[in-house]
Amino acid sequence: MEEQLIDRAKKGDDDAFGQLIELHLKTVEKFAFQIGVSPVHMEDVTQEVFIKVYRFIHKHNRGKFTTWLYSITLNVIRDFYRKEKQMKRKTVELQKYATQQTFVNEHLDEDAQELHQMINRLEDKYKIPIVLHYFHGQNYQEIAHVLGVTEGAIKTRILRAKQKLKAEYEKVGEQL
1 MEEQLIDRAK KGDDDAFGQL IELHLKTVEK FAFQIGVSPV HMEDVTQEVF
51 IKVYRFIHKH NRGKFTTWLY SITLNVIRDF YRKEKQMKRK TVELQKYATQ
101 QTFVNEHLDE DAQELHQMIN RLEDKYKIPI VLHYFHGQNY QEIAHVLGVT
151 EGAIKTRILR AKQKLKAEYE KVGEQL
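Numbers 1 to 176, taken from the UniProt record's numbering, label the letters of the sequence shown in order.
If you're looking for bench data, these hints aren't it; they were derived computationally from the structure.
Computed from a prediction, not measured in an experiment: that's the story for all the values here.
Hints may be right or wrong, so weigh each one.
[Said to hold, decoys possible] Distance condition first, Cα-Cα at most 20 Å in a straight line; then the derived SDA-like pairs of lysine to any residue:
| id | residue 1 | residue 2 |
| --- | --- | --- |
| 1 | Lys-59 | Ile-21 |
| 2 | Lys-64 | His-24 |
| 3 | Lys-164 | Gln-113 |
| 4 | Lys-83 | Asp-44 |
| 5 | Lys-162 | Gly-137 |
| 6 | Lys-10 | Ser-71 |
| 7 | Lys-162 | Tyr-134 |
| 8 | Lys-11 | Lys-64 |
[To be verified] Pair ranges (Cβ atoms, derived):
| id | residue 1 | residue 2 | range |
| --- | --- | --- | --- |
| 9 | Pro-39 | Phe-135 | 24 to 34 Å |
| 10 | Thr-91 | Asp-13 | 20 to 30 Å |
| 11 | Thr-66 | Glu-110 | 53 to 63 Å |
We put the CB at the ideal spot given by N, CA and C, even for glycine.
Construct the complete structure from the given sequences, taking the supplied hints into account.
As structure tokens, this is what we get:
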């Protein structure tokens with residue numbers, strides 16, 4: 001059955017490829033999780049795995065499909081974390097520039113300063129999309145391109161960032 005799906009997918013049968021995804025999605029997710037991929041990044045990683053499978057399925061020989069799939073998954077995970085490290089390095093440089101108190105103190109009122117500080121306390125994966133979207137007018141697609149992730153990931157990150165900011169704001173409000 002699996003070999004027939006693979007043969008059909010190689011010939012461009014999208015339905016067969018969809019069935020291969022359904023057949024192996026949990027395998028990829030389980031392997032990625034066990035390797036250390038966080039649930040937050042799981043969708044991005046699995047999507048990238050199956051994009052690569054789609055692009056290179058014609059190169060799969062008659063060996064075991066799951067072995068080939070594990071190899072692709074591992075390479076995608078390595079690439080993903082390499083990109084994450086590069087993004088963090090660039091973010092640290094950006095933070096040094098962005099957190100210059102002279103600018104903040106001269107140009108922002110007290111509420112804006114508090115919001116700025118709350119945003120700075122967010123993890124980079126939430127902070128950068130929020131800043132690009134709300135302060136630089138970038139749309140989800142543009143942010144996804146800048147960060148090298150999917151548009152869906154950007155939507156999720158912005159939503160989670162807003163939830164975190166709201167919770168932080170409510171906590172600060174209770175203290176006042």
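For a quick check of understanding: which of the numbered hints are violated here, in increasing order? 10
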